[in-house]
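Student: For reference, the chains in residue letters:
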Amino acid sequence: MSLLETKDLTVRFGGLVAVDQVSLSVDEGETVGLIGPNGSGKTTLFNAITGLYPAAGGEVVFRGERLTGLETHVIARRGIARTFQSSRLCLQLSTFDNVLIGLYAHLRAGLWTALVRRARFLGEVRSALGTVRHLLELFNPDLVRRGFDRAGELPQIDRRRVEICRALASRPRLLLLDEPSAGMSPEETAELMKDLRVVREEMPGLSLIVIEHDMYVIEGVSQRVVAFNYGRKIAEGPFAAVAATEEVREAYLGREEASSA
Amino acid sequence: MLTVWAAEAGLFVLVVAALLAERPLALTATVAAVAAALALLRLHPGLRRTLSAAFAAHPRAAWFGGAVLALLLPVALRHSPYWTFVATMALLYVTIGQGLNFQIGSAGVINLAGAAFAGLGGYTVGLLTVTAGVPPALALLAGPVVAAAVGALLFVPILKTRGHYLALVTIAFVFIFNILVNNLEFTGGPQGIKNIPTLRLGGHAFTTPLSVLGLTLPYHANFYYAALAMAAVATLAVWRLHNSWLGLALNTLRDDEIAARCSGVPVARQKLIAFTVGNVVIGLGGAFYAVMVGFVSPPDFDFGYSLAMLSVIILGGVDSIGGIVLGACLLIPLPERFRFLHEYRLLLYGIVIVLMLLFRPGGLWPASVRRYGAGGAVSPR
Chain A
1 MSLLETKDLT VRFGGLVAVD QVSLSVDEGE TVGLIGPNGS GKTTLFNAIT GLYPAAGGEV
61 VFRGERLTGL ETHVIARRGI ARTFQSSRLC LQLSTFDNVL IGLYAHLRAG LWTALVRRAR
121 FLGEVRSALG TVRHLLELFN PDLVRRGFDR AGELPQIDRR RVEICRALAS RPRLLLLDEP
181 SAGMSPEETA ELMKDLRVVR EEMPGLSLIV IEHDMYVIEG VSQRVVAFNY GRKIAEGPFA
241 AVAATEEVRE AYLGREEASS A
Chain B
1 MLTVWAAEAG LFVLVVAALL AERPLALTAT VAAVAAALAL LRLHPGLRRT LSAAFAAHPR
61 AAWFGGAVLA LLLPVALRHS PYWTFVATMA LLYVTIGQGL NFQIGSAGVI NLAGAAFAGL
121 GGYTVGLLTV TAGVPPALAL LAGPVVAAAV GALLFVPILK TRGHYLALVT IAFVFIFNIL
181 VNNLEFTGGP QGIKNIPTLR LGGHAFTTPL SVLGLTLPYH ANFYYAALAM AAVATLAVWR
241 LHNSWLGLAL NTLRDDEIAA RCSGVPVARQ KLIAFTVGNV VIGLGGAFYA VMVGFVSPPD
301 FDFGYSLAML SVIILGGVDS IGGIVLGACL LIPLPERFRF LHEYRLLLYG IVIVLMLLFR
361 PGGLWPASVR RYGAGGAVSP R
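Protein sequence lines correspond, in order, to chains A and B.
Be aware that the first sequence starts at 1, since it is given in the numbering used here, and climbs by one per residue.
Be aware that the second sequence starts at 1, since it is given in the numbering used here, and climbs by one per residue.
Just so you know, these hints were derived from the structure itself, not from any lab.
Take these hints with a grain of salt, some might be off.
To be verified - Residues from chain B shown here face chain A by an in silico Cβ test under 8 angstroms; the list is partial:
hint, residue
1, Leu2
2, Ala70
3, Thr198
4, Arg240
5, Leu246
6, Thr252
7, Tyr372
To be verified - Listing some non-contacts, in silico: residues in chain A with all C-beta distances to chain B over 10 angstroms:
hint, residue
8, Asp8
9, Thr50
10, Arg66
11, Thr72
12, Ala81
13, Asp149
14, Arg173
15, Ser185
16, Thr189
17, Arg197
18, Pro204
19, Asp214
Even glycine gets a Cβ: it sits at the ideal position worked out from N, Cα and C.
Please work from the sequences and hints to get the whole structure.
Tutor: Printed below as a string of structure tokens:
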């Protein structure tokens, strides 16, 4: 049985159909690449899966359970984590805090514990920080040393890593990565590929959907590729096959008749 | 350790001198001394380093010294009931500021109705003691409960609006509160509620002079010590909440609500918790004010006081718990010290807000990153 399934999922903004009856499935441990021109509905699909946008039709089923209509924080707690196209770190907060918030669903100490039962609370702080350190260390040991520095003081690639750590901290079953290489140099993109491989090795059961424009990344990480255009799924399969599809070439390069006419 | 205590004692002497100096010569000397101390700190990085290293090395000694001096302040001010009262007011604003800062600073819930929530605490005390005959100590505890309960009226606007729009809603709330207490029969209308009975502690009425170490202190010292205890407890409680998972969730949703929701934070619930916790603390401050001055009336809780509370936060440092203490201790005595400023108090608060936002938006004591307490236990390795 697949981990995530969307059935005829549709998202509308007024008259615009941003996601048009998309059916998609992701298996456990699988990495799916999501490609398509700008505005083809890839990020909107993520927003619909995570409950940020309401679905106008169809449904999202995750581990056999319907997610459609649930609140975003509830969906996150069911095991779906994500990163964003443009960074959504809290730059004023420390690196540790930015990753700790990812652990939020697993933290037990409430107000009373924090106020009065100090030994118990500090015990939980220690173990939570231990988890965070371990995660940061996978990507860059330097991040642990700078854990109490503000996230705004980190270079771009480290911010992206912290964002991935935040998503991983929640121990998700499915991770949605929205253009992880956006705004990165080729060298940084190569680093990022290494990081994604580390994630794969650390968490073999984790499923991933990766939106990317960098075909080198898509080819390198995904087992299956899905192509989007105008909110519809236009092709699906191994990278080489999808890249060779007529419709995909048209979506990226334009129609041949049109250019020659 | 001696460095710490010497620095604290020096600060104490300066504070007492700044409050008590009356004759032109003494006043000039004090101003010069304060200016010299500030300049020395500013121009001498070595001294700054020595001091901060000393405070970091002996945190317990620093707390102990600070506590002793805070307890000694009424003794130093014993010939001036007035300044004892002003110091008490500053402590009251520390308490209220901590509550309001938890809403505005930590959670980004812009509440400009601080005066109304303090008023709810104050009026609760007035009504319960004078009309219903409840003992003042009990009424003092009921004040925060009522403030938090009435705060539930604003739950819907808090969830539906944000930023400036929420600020407007809360401004409207202060005015509604004022109009109501001004016009309702049972709140005493413009006269307010008079003759609120004072607190008693084991037979000692707070309106009788206090004897400490063989010295007789004005009765205001009773309230000073009570306000000191209240401010200390409120500050510690807010500090612990700020350094908890709640504080982390609030800061995250303040900076990026979508990131918080995608991390599993129930944003609506956490905002309401922060708002309610803040109102409890603000209501406590207002209730204490009522038992201290013995009467409450509408002008005691008008919008100007919301502005005063806001300027304490902005002067001290938004989301900075130490900053709130500093802000209240600077801003409340200032217009009392310079009487000509008193007339223009609102102008002063406005200017403070504008200047700070323009030139030092983090405040005099900017917020630092969260360390969750007990330094060594949670430092990186």
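Student: Please go over all the hints and tell whether each is borne out by the structure.
Tutor: So, going through the hints one by one against the coordinates:
{"no.": "1", "hint": "Leu2", "result": "30 angstroms, violated"}
{"no.": "2", "hint": "Ala70", "result": "23 angstroms, violated"}
{"no.": "3", "hint": "Thr198", "result": "30 angstroms, violated"}
{"no.": "4", "hint": "Arg240", "result": "5 angstroms, holds"}
{"no.": "5", "hint": "Leu246", "result": "6 angstroms, holds"}
{"no.": "6", "hint": "Thr252", "result": "5 angstroms, holds"}
{"no.": "7", "hint": "Tyr372", "result": "5 angstroms, holds"}
{"no.": "8", "hint": "Asp8", "result": "24 angstroms, holds"}
{"no.": "9", "hint": "Thr50", "result": "6 angstroms, violated"}
{"no.": "10", "hint": "Arg66", "result": "19 angstroms, holds"}
{"no.": "11", "hint": "Thr72", "result": "4 angstroms, violated"}
{"no.": "12", "hint": "Ala81", "result": "7 angstroms, violated"}
{"no.": "13", "hint": "Asp149", "result": "8 angstroms, violated"}
{"no.": "14", "hint": "Arg173", "result": "13 angstroms, holds"}
{"no.": "15", "hint": "Ser185", "result": "25 angstroms, holds"}
{"no.": "16", "hint": "Thr189", "result": "23 angstroms, holds"}
{"no.": "17", "hint": "Arg197", "result": "24 angstroms, holds"}
{"no.": "18", "hint": "Pro204", "result": "23 angstroms, holds"}
{"no.": "19", "hint": "Asp214", "result": "23 angstroms, holds"}
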